[in-house]
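Go ahead and model the full structure; you've got the sequences and the hints to work with.
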Amino acid sequence: MEQSIYILALPLLSFITLALIGKKLPHKVAGIIGTLSLLATTVLAYVTTASYFLAGRNADGIFAEAMPYNLTWLPINETLSIDLGILISPISAMMLVVITTISLMVHIYSLGYMKGERGFQRYYAFLSLFTFSMLGLVVATNIFQMYIFWELVGVSSYLLIGFYYTKPAAIAASKKAFIVTRFADLFFLIGILIYGYYMETFSFTPGETALAAAGTVLPTALMLMFIGGAGKSAMFPLHIWLPDAMEGPTPVSALIHAATMVVAGVFLTARMFPLFIEFAPGVLHTIAYIGAFTALYAAIVACVQTDIKRVLAFSTISQIAFMMVALGVCTGSDPHEGGLGYMASMFHLFTHAIFKGLLFLGAGAIIHAVHSNEKSHMGGLRKYMPVTHITFLIACLAIAGIPPFSGFFSKDEILAACYAFSKPMGLFMSGIAAMTAFYMFRLYYLIFWGKSHYEEQLALYRSGNIAHEPHKPHEAPMTMTVPLVILAAATCVAGFIPFGEFISSNGHAYAIHLDTKVATTSILLAVTAIVIATIMYIKPGRRITRVVKVVLREPIRAAYHRFYMDEAWLFVTKKIIFNCISRPIAWFDRHVIDASLDLTAKGTQWLGALIRPLQSGNVQTYCVYLLSGALMILLLLLYLN
Amino acid sequence: MNILLLFVIIPLVMLLALWGCRNLTQVRATMVTGSTALLALSAYLTVEFISLRNGGNSEAMLYCDSWSWYEPLNICLSIGVDGISVAMLLLSSIIVFTGTFASWRLKPMTKEFFLWYTLLSLGVYGFFISTDLFTMFMFYETALIPMYLLIGVWGSGRKEYSAMKLTLMLMGGSAFLLMGILGIYFGSGATTMNIHEIAALNCIPTATQYIFFPMTFIGFGVLGALFPFHTWSPDGHACAPTSVSMLHAGVLMKLGGYGCFRIAMYLLPQAAEDLAWIFIILTTVSVVYGALSAISQTDLKYINAYSSVSHCGLVLFAILMMTKSACTGAILQMLSHGLMTALFFALIGMIYGRTHTRDIRQMRGLMKIMPFLAVGYVIAGLANLGLPGFSGFVAEMTIFVGAFEVNDIFHRTVTIIACTSIVITAVYILRVVGRILYGEPENEEHMKLTDATWDERFTVICLVICVIAIGVAPMWISNLINSGVGDVLVNINR
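Sequences listed follow chains A and B, in order. Here the first sequence is numbered in my numbering, starting from 97 and rising by one per residue. Here the second sequence is numbered in my numbering, starting from 501 and rising by one per residue.
If you are wondering where the hints come from, they were derived from the structure by calculation, not from laboratory data. Fair warning: this is a prediction, and the values are worked out from it, not measured in the lab. Careful: at least some of the hints might be erroneous.
[As the list claims (entries may be wrong)] Below, in silico cross-link-like pairs of lysine-lysine (DSSO-like), each with a Cα-Cα straight-line distance of 27 Å or less:
1. Lys547(A) to Lys479(A)
2. Lys120(A) to Lys948(B)
3. Lys119(A) to Lys948(B)
Encoded structure:
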């Protein structure tokens with residue numbers, strides 16, 4: 097376990113190196129430094145995880161948490177101090193694998209994708225910073241350490257979204273992402289303050305006496321912490337930053353905004369799960385309802401977007417919501433009795449990270465080939481990009497829940513947990529799973545099937561209607577296709593991992609078994625949805641598609657504009673906070689508070705001006721004053737006597 | 501000889517040496533030598549102090565000495581330091597040192613500028629080492645007067661107006677302060693001016709405390725930018741030359757917080773306890789109001805001046821919470837704000853020196869034109885919005901956790917209100933960063949501008965290192981401060 101410190105040290109070191117001297121290094125060297133250090137980190141993470149699980153279960157039949165490092169960073173008072181350290185538990189070990197794997201793939205992929213970009217070294221420096229922060233977050237020994245790294249992943253995300261800092265959309269998106277998540281973090285912080293005060297510790301396992309005395313305080317604190325998690329994990333209505341965050345380079349979207357950072361909220365909830373389930377089941381169910389609504393909302397919006405990265409972004413929101421729902425529907429800590437959702441959620445987190453990372457990297461390869469995010473510039477690409485096509489199809493099948501791909505297994509467990517919670521919840525989530533299959537295959541057909549945009553353009557060029565010869569789409573270079581293939585292979589096999597052996601709600605081994613009824617229903621629904629998508633989108637301009645477009649014109653428009661959530665937020669921030677609070681305060685400061693001071697000064701000057709004529713410098717006037725003064729005193733004396 | 505006296509003697513020698521300087525090189529040599537000596541001295545003092553404390557010396561004040569000045573009024577030159585003053589001395593030395601480099605190319609009348617600059621730092625050092633009410637007040641005034649000339653002569657924009665406004669407001673505060681000091685002196689029986697002796701006597705009648713606590717607190721509060729006495733800050737900073745802004749926001753505003761804690765709270769504990777709620781409300785307003793005003797400003801210096809109002813408000817806010825951790829956080833915030841704001845003002849000065857505008861609407865894409873300064877600005881911004889790894893985070897978190905220890909609905913509410921500043925701060929910082937640094941340069945003139953010179957780079961790097969050092973390894977400085985805070989609070993909670 098001692099080697100685990102290097103899991104954090106290596107990315108940090110590579111960040112510092114690249115940040116300080118990166119500018120002077122050639123692109124290739126910087127990329128190799130970043131990638132190699134991450135390769136070493138990945139190996140270490142695998143070794144750590146393997147040795148952790150191979151060490152076996154303890155006498156209670158669970159994998160005991162290991163804490164190889166924990167030191168006091170900042171003592172605050174007699175009871176509270178902020179500690180930094182490393183804590184390996186089943187879920188953090190799993191996260192170590194996920195983060196390092198996806199990050200390594202992204203590092204390799206970016207060597208090709210970002211080739212020749214201005215600021216290549218900076219890009220790798222930020223990637224290292226992000227990996228360091230994310231790893232620090234999952235191995236946190238206490239909630240405050242988690243908050244520290246929580247903020248650091250936030251800033252790495254800010255820096256990477258704004259990587260193309262000359263692009264106005266990227267600037268706005270980075271700002272929005274940071275401020276929205278920061279707003280959620282405010283609640284997280286308040287939650288931590290409450291938690292720390294009443295639990296008398298920041299660690300995840302408070303003392304018995306403090307817990308017994310907590311009452312309603314603990315649920316409040318946990319709810320506030322969840323709001324922080326909802327911000328990072330893009331739960332409605334705090335989701336608005338995630339679609340815009342797609343302005344960053346695509347590999348960044350794959351790493352941060354699909355596989356790792358956005359699941360931090362799920363991880364946080366899972367981390368606090370023992371407290372949730374015992375002291376705040378009500379809060380947990382609230383989370384389930386928020387998650388279910390978010391899943392529906394995001395799925396509807398994803399059905400009508402035209403930018404492929406946005407479709408993927410909304411699909412991410414929807415899938416994370418699935419994980420949240422899975423946690424929320426837990427009613428007990430035994431996986432056989434109401435605790436299945438915990439395992440399902442972590443399983444889905446694991447498989448989703450792989451296939452969603454694959455989808456984004458595939459999307460990156462497509463964007464790289466056609467130089468656009470819009471689906472109208474795509475179509476018919478399967479001929480030109482065979483590797484991307486096959487891997488993308490595998491990922492689509494996985495997310496749609498078709499066996500034997502990984503997504504099927506994890507989603508099935510989630511649905512089983514939902515049905516166990518209540519029938520309506522199960523049906524509701526099954527429906528959303530079907531929608532997922534629909535919008536993913538819509539996306540797939542629009543990109544890879546139908547009329548080729550390139551061929552159309554080429555025809556126009558040949559007939560002399562456009563001046564420039566269009567670029568022929570080409571398959572991505574090796575550095576990009578290799579990660580795609582690796583991730584696709586992982587997608588094919590990940591579902592067969594006996595996940596319950598490693599992670600379950602109470603730590604005991606849980607044998608995953610498919611619920612035939614649930615599995616059949618969901619496969620049937622998914623296949624139906626795929627068939628519908630095939631009918632509608634396999635060729636452009638099908639009559640049914642046109643009919644649907646006409647019949648549902650208004651709902652589609654509203655969904656395309658994401659039900660005007662961004663406008664609502666903009667109204668609050670711009671119109672209310674900026675124009676109705678900030679501006680008036682600034683005005684008040686200048687024109688009331690400051691003006692009253694100026695007025696005092698003016699008053700003094702005016703008073704001075706009033707009595708200044710007395711000092712005219714004219715001797716005769718002085719004589720008059722002197723004599724009249726003397727006379728008055730004389731009269732006064734006479735009168736008094 | 502007492503090592504603390506050197507903090508006054510070195511500036512005095514510097515003054516004499518500057519007076520005799522014939523050319524620019526000599527002036528620069530004197531300033532660099534002197535400020536380096538001061539920096540080395542305070543670093544040495546810090547190390548010595550920590551090792552003495554670790555050695556088990558737990559007296560309230562170390563290096564104490566006293567010489568009588570004026571017997572009839574019991575005025576002495578009493579000196580001594582505890583953890584808080586050591587930290588403040590270190591901060592002052594860093595700012596004076598970097599400020600020297602920030603005004604490396606200042607013209608005209610360089611020699612005269614540095615004369616006043618050194619006199620100002622003399623006042624600051626004297627204030628932090630004294631433990632005698634009258635001596636403290638004297639040094640306090642010594643620090644204020646040069647500010648008038650430094651802004652009025654070397655400033656920009658409406659400099660005469662701003663210099664006059666700043667000086668008059670601070671002098672008004674001083675008037676309150678003088679009354680407060682006299683009240684304390686006579687209230688405690690007119691036997692001593694030494695603050696520790698007065699604290700030990702603990703004999704000021706409560707009724708007297710009720711009158712003089714607000715006076716003293718407001719007197720120092722004006723300098724600490726307490727709402728509604730903060731309006732000198734935006735105008736003053738906007739017109740001051742770079743290094744003066746640095747020194748003013750970095751050190752001088754700290755005199756306010758330090759005085760509030762060391763004199764108002766320490767010597768008038770009963771009134772502090774009873775009247776704290778009034779000032780807690782005012783400081784909470786400062787925190788949120790300053791941050792909200794900063795959002796809609798368009799002048800870089802105004803943004804930072806209002807940001808200072810917000811951050812210094814947090815200092816006074818934390819002091820008034822009267823818990824050990826909150827007060828430690830307050831002193832940490834003083835340090836952190838001092839360094840961060842000095843860094844900010846240094847960068848703004850450097851940018852202004854090139855673009856000749858501070859209007860954020862007229863700048864764009866500076867990242868491409870002057871990458872070093874722009875990266876520095878981003879770092880300063882991230883530090884300012886309290887990112888972990890920088891000093892601001894440590895200070896703010898200590899304050900919030902400390903403030904949360906006071907278990908009643910009023911304190912909890914104001915703490916939560918104060919917490920919102922972390923979001924508002926992010927808004928105004930990122931707005932500026934997004935506006936002026938990112939994007940494509942629009943102004944043709946700006947394309948020809950150059951990046952930082954060596955002296956500017958040196959200033960920025962020094963300050964960034966300090967901010968990161970505290971942010972990454974806060975334990976030693978927190979322990980250093982904690983010991984001093986404990987001794988003061990014992991008197992309040994008695």
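Comparing the hints with the structure gives:
1. Lys547(A) to Lys479(A): Holds: Lys547(A) and Lys479(A) sit about 11 Å apart, inside 27 Å.
2. Lys120(A) to Lys948(B): Holds, because 23 Å separates the two Cα atoms, which is no more than 27 Å.
3. Lys119(A) to Lys948(B): holds (22 Å)
Violation of the numbered hints given earlier is absent; every hint is satisfied by the structure.
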